[in-house]
Amino acid sequence: RPFINTPQATGADQAVGFGLVGFSLLLFTYYTIWVIVLPFVDSDHVIHSYFLPREYSVILPGVAALILLLCVGTFIGVITWKNRKPKKVD
Amino acid sequence: MATLKLYKFTVCAIYNKNIIYETELSNRNTFILTGGFFNYNFALHRPTIFITMTKLLEWLLGVSLIGVAWGLVTFDLLDLQLPPQYRELAWPMPVYLLVVFGCYSLATVGYRVATFNDCEDAAKELQAQIKEAKEDLKKKGLKMHMHVLSMESSAVSFSRVCICIGQGMNTSFLNQFFLMSPNSESDLEMNPLCSCTRAAFQ
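Residue numbers (the working numbering), protein chains in the order written: chain A, 1 to 90; chain B, 1001 to 1202.
No lab work stands behind these hints: they were computed from the structure. Bear in mind that the values here come from a model prediction, so they are computed numbers and not experimental data. Hints may contain errors.
[Said to hold, decoys possible] Only part of the chain B face toward chain A is listed, based on derived beta-carbon distances under 10 Å: (1) G1067; (2) Y1096; (3) V1100; (4) Y1111.
[Stated by the list, open to error] Here are the computed distance ranges between Cβ atoms for each label pair: (5) A/I67 / B/A1128: 16 to 26 Å; (6) A/L66 / B/K1131: 44 to 54 Å; (7) A/V37 / B/Y1104: 13 to 23 Å; (8) B/Y1111 / A/H45: 33 to 43 Å.
Even glycine gets a Cβ: it sits at the ideal position worked out from N, Cα and C.
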């Protein structure tokens, strides 16, 4: 299986790229409002219904980081397992 | 009768080769030194310990200062009686900074992917040339893998192509050539785009 980085269609590239940018902007905005803006908003304001309790603002990224580490570790393990050489028989 | 000798020595803190802080200590004080080495300073006529401010020390100092400030605010160790909103704001700060850094990285990667210029014609031409060369070499009895590892062209209309040829561990750069338009400047400081590794030839 060749390891080729052939030029992709520009359309798909742009879609993926700007999709990533948009997603990260969305995530940044939501998380900033959650962590920084909400403590200064009255507790009976309607905006609080759109956000989970404050503890989840630490727990959810922690869980996401764990899952990411798991995926990376699994990927490395799979690649290492695939590349292992059979032992020489003397 | 054994006596304990009292030693006096000087501790110098050095930043950018200038001594920014000097103090006299005796062996009665206990302290922890990092990044320091023990020497005899002939001008001062006493043993001297130099603490050289490396980048690592700088970073560690900065991070630990910020960490101490965060701990003080979060756990209210100094009984500062801050308003509750600021305490609510402070305690998720490390996680928040990490998430912001992750978002910034993701956005940068996405933006670079979206603005990556391709050159379709050059790619097709190159693939045709590779096929031709492959058949030619096959005729001569040499079995080889040829891969186009990467291609890039910038907005200033020059492109750079790296081709790796080889099999297994015998990889070498066949060609790394620059096609430049007459008006563009050569950009030789750009790092090569590709490197041949064994994993590339599975």
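Hints, one by one, checked against the model:
1. G1067: violated (16 Å)
2. Y1096: holds (5 Å)
3. V1100: Cβ of B/V1100 sits 7 Å from chain A, so the hint holds.
4. Y1111: holds (6 Å)
5. A/I67 / B/A1128: 16 to 26 Å: violated (44 Å)
6. A/L66 / B/K1131: 44 to 54 Å: holds (47 Å)
7. A/V37 / B/Y1104: 13 to 23 Å: Holds, since A/V37 and B/Y1104 (Cβ atoms, about 19 Å apart) stay within the stated range.
8. B/Y1111 / A/H45: 33 to 43 Å: holds (35 Å)
The structure fails hints 1, 5 (numbered hints given earlier, in ascending order).
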